[in-house]
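Protein chains: 4
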Amino acid sequence: MKKAAIVGGTGYGAVELVRLLQSHPKIEIRKIISHSQYGNSIAEAYPHLSHVFEVTMEEWNAEELKNEIDIVFFAAPAGVAKELIPELQDSPIQCVDLSGDLRLKSAEDYEAWYGIKAAPNATLQQAVYGLTEVFKEDIKHAKIISNPGCFPTAALLGTVPAIVHNLIQPYPIIIDGKTGVSGAGRKQSAMTHFSETNENVTAYKVGHHQHIPEIDQYLSQAGNQPITTVFTTHLVPMTRGLVCTIYGSLNRNADTAEIISLYRNFYEGHPFVRIRDEGHFPTTKEVYGSNFCDIGIHADARTNQLIIVSAIDNLVKGAAGQAIQNVNVMNGWDESLGLEDFPVYP
Amino acid sequence: MKKAAIVGGTGYGAVELVRLLQSHPKIEIRKIISHSQYGNSIAEAYPHLSHVFEVTMEEWNAEELKNEIDIVFFAAPAGVAKELIPELQDSPIQCVDLSGDLRLKSAEDYEAWYGIKAAPNATLQQAVYGLTEVFKEDIKHAKIISNPGCFPTAALLGTVPAIVHNLIQPYPIIIDGKTGVSGAGRKQSAMTHFSETNENVTAYKVGHHQHIPEIDQYLSQAGNQPITTVFTTHLVPMTRGLVCTIYGSLNRNADTAEIISLYRNFYEGHPFVRIRDEGHFPTTKEVYGSNFCDIGIHADARTNQLIIVSAIDNLVKGAAGQAIQNVNVMNGWDESLGLEDFPVYP
Amino acid sequence: MKKAAIVGGTGYGAVELVRLLQSHPKIEIRKIISHSQYGNSIAEAYPHLSHVFEVTMEEWNAEELKNEIDIVFFAAPAGVAKELIPELQDSPIQCVDLSGDLRLKSAEDYEAWYGIKAAPNATLQQAVYGLTEVFKEDIKHAKIISNPGCFPTAALLGTVPAIVHNLIQPYPIIIDGKTGVSGAGRKQSAMTHFSETNENVTAYKVGHHQHIPEIDQYLSQAGNQPITTVFTTHLVPMTRGLVCTIYGSLNRNADTAEIISLYRNFYEGHPFVRIRDEGHFPTTKEVYGSNFCDIGIHADARTNQLIIVSAIDNLVKGAAGQAIQNVNVMNGWDESLGLEDFPVYP
Amino acid sequence: MKKAAIVGGTGYGAVELVRLLQSHPKIEIRKIISHSQYGNSIAEAYPHLSHVFEVTMEEWNAEELKNEIDIVFFAAPAGVAKELIPELQDSPIQCVDLSGDLRLKSAEDYEAWYGIKAAPNATLQQAVYGLTEVFKEDIKHAKIISNPGCFPTAALLGTVPAIVHNLIQPYPIIIDGKTGVSGAGRKQSAMTHFSETNENVTAYKVGHHQHIPEIDQYLSQAGNQPITTVFTTHLVPMTRGLVCTIYGSLNRNADTAEIISLYRNFYEGHPFVRIRDEGHFPTTKEVYGSNFCDIGIHADARTNQLIIVSAIDNLVKGAAGQAIQNVNVMNGWDESLGLEDFPVYP
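Chains as they are written, first to last, in UniProt numbering: chain A, 1 to 346; chain B, 1 to 346; chain C, 1 to 346; chain D, 1 to 346.
There could be a bad hint or two in this list.
Note that identical chains are pooled: a pair holds if it fits in a single copy or bridges any two copies.
What the hints assert, rightly or not - Distance condition first, Cα-Cα at most 25 Å in a straight line; then the derived DMTMM-like pairs of lysine to aspartate or glutamate: (1) Lys3 with Asp334; (2) Lys205 with Glu278; (3) Lys26 with Asp334; (4) Lys140 with Glu340; (5) Lys2 with Glu340.
Because the hints were derived from the structure by calculation, they are not lab data.
Sequences are here, hints too, so could you generate the full structure?
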C-alpha cells in the first residue's frame, strides 16, 4: 500500500478524495493536513464521516511527510501548493496539485489571471498536466502532476479530438460552461448563498475566468497550433455536475456518425470517456459521483457547426477522481483502480 | 373595461395570464376555456386560486365569444389556435396566440419543425409577430398577434441591436439557451420528472428545436438580411427563468461602453428592457415574476467576440406578460399597463 | 398618501416591503435606511430593482424622520429596533418592527432566548402583537406593532381556533415546522451555503428556537390559559415558503367537516386565511409571493388526533405582507389594501 | 459467488441495487427482469449505465430462475412480488421483496391500506421483516425477507430503543416524516412534476399513508405491547433523503446524555446506525448514497418530550442497501459487505 497525505482537509476536494480513496486497493490515507483546523477531527467539520473516518487533522510538516508518505494530494485553494511543493522536491514523494497553481507554464500568465505571484519556474516546468486521456504518456513519468481544472477537463476532452483531426476551424471555438455550485468550494460568498443561487442562472467572470488561459494553452499544445477559445461560465442551481457545450465551424462535410467514430477511436482504451450514440446527449446526472466524462456529438448540417456536449462531475473527473486516475498512471497501475463505482442515479 | 377570454385554462400560460390580468386596469377576464376540463372550476386544478378566482371553465363557443368578448388569449399547446382563430376572423375580436402556430410565415417550415399541418395561409399572413420592442409599429395595427416563443424573446432582444447596428458578422452567431422547467408546461413527461431533472443539466432537441426557425426568421427580418443562427437549449433545475448567452464575431473594434450605449439608445422608451452597466450581467432571478428582459454586454478584446447575456422570466416576458404588453399596444394604451410589478426577489 | 421609511435596507424584509408597497394606493416609500450601506443605491445591492427603484440609502436620523415620515418599518436583525424605536416614541410615527425585539413581554424571556439585553419595558408594554386575524381590535389602536415571526404566524393561525374552541388538550401540542432558507436572511452562514443546503433537510435549534416562547405566549393569551408547545424547526431546500404541521389530542369526538366549519367561522371576514376543503392540504407553493395563510385540517379517528397543516410565504404573511396588513388596520383601511396579488404559480 | 436476479428492472430500486451490488464481493447480478421492457438493454432506460452495465432485460421465468439463480430481489411496485414469490417457494432461492406486499401480517390490513388482494397467507407468514438491526436473529434463518418501507426504517430505528427501554409513553407518539421525491419512483405523476414540486413542501396522504400500519405493527412487536402512532408525510424538493422527527412524552426524568448512551448500547455491533453526540442532529445529506441511519436525540426538559431525528437515504437504507444487508445476514456474511461506501458529500 502506498501512503497518502491530503493537504487542505476542510475543503470539498479533500473529502471527495477521502470518499474515493477509502476503497482504493493500493492507497491508504495516512494524514489529513489542514492549516486552519489542525488538531480537530475531520468528522467535526464533516459529520458524514463520523464513526467511519475520524482522523485528527495535522499541521504541514515537510520532514514528517518525507519520512512517512509516498503521495501528497494538494486540495487547497490557489496559492498554497506553489509554496509547499518546493519543500518536497528533493524527495521521491509524488505530488498532485488540484489547484491552478501549476497549470499555466508562463509565470506572467499565472500572475495576470490569478492575481498572485507564480510558483518557482523549476516547479512550473517540472509539473505535468494531468488530463489523463490526452497526456497519459507524460503522466507515466511525472513526479509532479498539475491536475486540470473542472471546466478545462470537460472542455478539452470535448474539443481535443476535433482539433487533432482538423475537423473544426481554430477560430471561433465557443465553449459555454454550466456548473453546479460545489465548484466554488465550501467558502461562503454571496454567489453561493442558497436564497440567491436557488432558482437562478448566473453568468459570472465573463471574459475573465482563470480557466480561459488553461484551456487555450493545452488545446494549443494538443493541437500543435495556437488556439484562442471563447469561454463563458454559468452557475446553475445544483450542487455537483458540469457541462460544456462546444461550438466549432466544421472544416469539411462530416456527418455525426463519422465524428462519433473518430471520437471513439481517439478515446479507445480510456474507460472513463463514454461517447453517446447519435441523437443522444449526456446529462450531468448521468455521471454524478463517478469519474466518467460523457460526450454527445451533433454535426449540424443546417449551420455547418459541430456541437459537442461534454459532462462530468466537477468533484470527481473534475478534481479528486482524475487526481487518483493520474496517480494510478504514475504508478503503473490500471488507470481505473478505485474509480469503478457507477454513477449515483437518480 | 375590455372583456377577455383565455383559451387553454389548465396550462401555465393561462394561470399566469390570470395572475397578471387580475390587476390590469383595463382588462377583465370573463371566460376561461378548457377543452379537457370545462365544467370544473379552475381553482380545482390550481388551488392557489381558491377563494379568489373560482371561475368555472367553459367549452369553446365561437358565437358566444363574438357576442361577449373583446380579446382572446390562446394559451393552448401548438395545434389549437390555428384551428380556432379562423373561426373568429370575421369578428373584431383581438387574438393573441401564445403558441407557435402563427410564428413561421412559411407553412412548409411550420410543418417541418412542428410536424403538424400549418394554419391557413390567410391567418399566417395576417398575424403580426409580437416582439413588442422591435415590431411595435406593426403591433399597433394588428388584429392577430403571434406572441414570441420564450427563447426567441430573449435571443432576439439580445441580438437584434447588434445586427441592426452591424456590430457582428451574420455567421456564426451562437445562441446558447438555458431554461427552467416550466417552459415545458404542466404536461408530465420523463424530462419534467423531478427526480431526473433535479441536480441535472440536460441539453435537449440539439439541432432540432422549433424555436430555431423562429429566431432566424425574425432576426433576418429585423436585420434585413438572411441570418442563420446556431441555437442550442439546455434544461436547468429551476422552475422559472431563461437566459440566452449570445456570441458573435465583432465587425470592428468596439468597446463594451460604446455597445452598451448603442443598446440603450435602441431600447429607449421601452421600459422592460434594462441594459446592465459594464461588468454586470443579469441573472434570471433578477427578473423573476416580472416582464423585464435584462441584458448584459461584454466586448471581449482578447477574442474579438461580442458576448451578450439576456435574461427573462419565461412565463412573463416569454409568454403571458408580453401577450398583455402587446394587447396594451394594440389598444393604444401605455405598454406597461398592468405589468409594473417588481421582480419577486429572492 | 402616508410617507414610509424602511430601516434595514439591505435585508430581504426590506426588499419585500419595497416590492409590496410599490403598488400600495395609500403608502409611498420616502426613505430607505441602512446602517451598513448608506450612500449607496439599493439597486446596487439588489439589481432586480435597477431602473425602477434606485433610491439612495440613508443613515438613521430620528429628527428627520419625525419631520418627514408617518410610518417606519423596522426590517433589521434583532437588536436594532429596540434601540431606535424609543427615539421616535414622542412622535406620532407608527412603528412596525419585523424583528423579534418586542415580541416577548418579559424582558427576562427575551434575554434568555435572544442572548441580548431587552428593550425598555415601556416600549415592550406599548407594543401590540400584530397577528392580524387574532388581535385585530388591539392593532386598530396601536402605535407600535410587534410583527409576528414567520413560524409563529403559521403556527398560531393553525392552532388558535382549536384552542379557543377547546378542541384539543393543551398538552402535548406538537408543532413541526419546515421552512425555506430565505428566513435566515441575506447574511451568509454555513447553514445557508448552497452546496450544503441543497438536497438536504436539516433539523436546527432543536429545543432552542427563539420562536418557542413567542408561540407559547400568544397561544396562552389567545386561549386564556397557560400553554407550552413542543416546536421543532427544519430547513428544507427551497427559498420561500414555510409550513407547520400541528398535532393535538382531540378533547371529544369531532369530525373533520365540523372542525373545518369552526375554522371558517373563526376566520370569517379575514380574506387571507383560506381553509381548504376536507381531504385537501395546502402546499407552500400555493401561497408563494402572496399574503395568504392556507390551512388544511384532518381529524384522525384512528388516533384521536387533530392534524393541522398551515402554510405561508415566510417573507409575505410571515414578514412584510403582514406588516402592511397591520398598517392597513392601524389606519382604518381595508386590511387587504395593496396585498391583493395572487400567488405566483408555478 | 451467489447469483442474483433483480425483478423490476426499470425502477429506481433496481438501478440502486445494480449500483450497490456491482462492488459486492459475494454476489453477482445474472439477470435483470422487466415485465414492461424485456428485450431492451437497461442502459437504454438508464444511460448512466451505458458502457458499464449493458444487460438485456428478460421476462420472468420461474423455472429458469430455479436453475440458475440463488437470490431474487423484487424491486417492483406493490402487487407484483405477492404473485411471483409463491412460484419460487418450492426452491431454495432466497427472496427479498422491496415492496410492501409482505409487510403486513394481516391480509385484511393489507387489503384495507393497499386496496388490492393480499398475498397467500403461507407466504405472508413465512416472510421475515428485514429491519436488520432489530430483527437480525430472525433474518438469519429467513428464506423470504420483507424489506421495510423507507419511512418505517427511519421511524422504527428512531423509536424502538425508546419503547424497549420504556422511556416514552405509548401514546401519543408523533412521527413527522419528510422525504425526497425519488421515493415515489420513476412513474410520472402530478406530484412528481418538477415545476410543481420544486420550491414546495407538500403534506400528502394525511391519515392514509400505507406505512402507518407497518410502523404500528413492528413497533408493537418490538415493544411487546400494542402501539398506535401518529404518522404524517411531507414531500420536500430534493431527490434523495428522508428524515423522521419523532416526539414522545418522557415517562421519567431522563437527560439527553443518558438516552444517547442507551441508544448507543442498543445499536452496539450495528455499524450502520450512528448516534450523534448531544446537541448534534443528522441531516439527510450526511447519509446521501450510503446505508447509514443517523440519529440525533434531545430530551426537552421544558416540555418533558423526547425528540428524535432519524435520517436515511431512502433508496439505500430505505430500500436497496438494507435489502443487501439482509442478504448478508441470511448468508452468514458480515452485514456490511458491499455497503462500506462513505456518503457522497456534498
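Hints versus structure:
1. Lys3 with Asp334: within (18 Å within a copy, 27 Å between copies)
2. Lys205 with Glu278: Result: close only across copies, 12 Å inter versus 33 Å intra.
3. Lys26 with Asp334: Both: 11 Å inside a chain and 23 Å across chains, each within 25 Å.
4. Lys140 with Glu340: The answer is within: 20 Å in one copy meets 25 Å, while 31 Å across copies does not.
5. Lys2 with Glu340: Both: 19 Å inside a copy, 21 Å across copies.
Violated hints are absent here; each numbered hint is respected by the structure.
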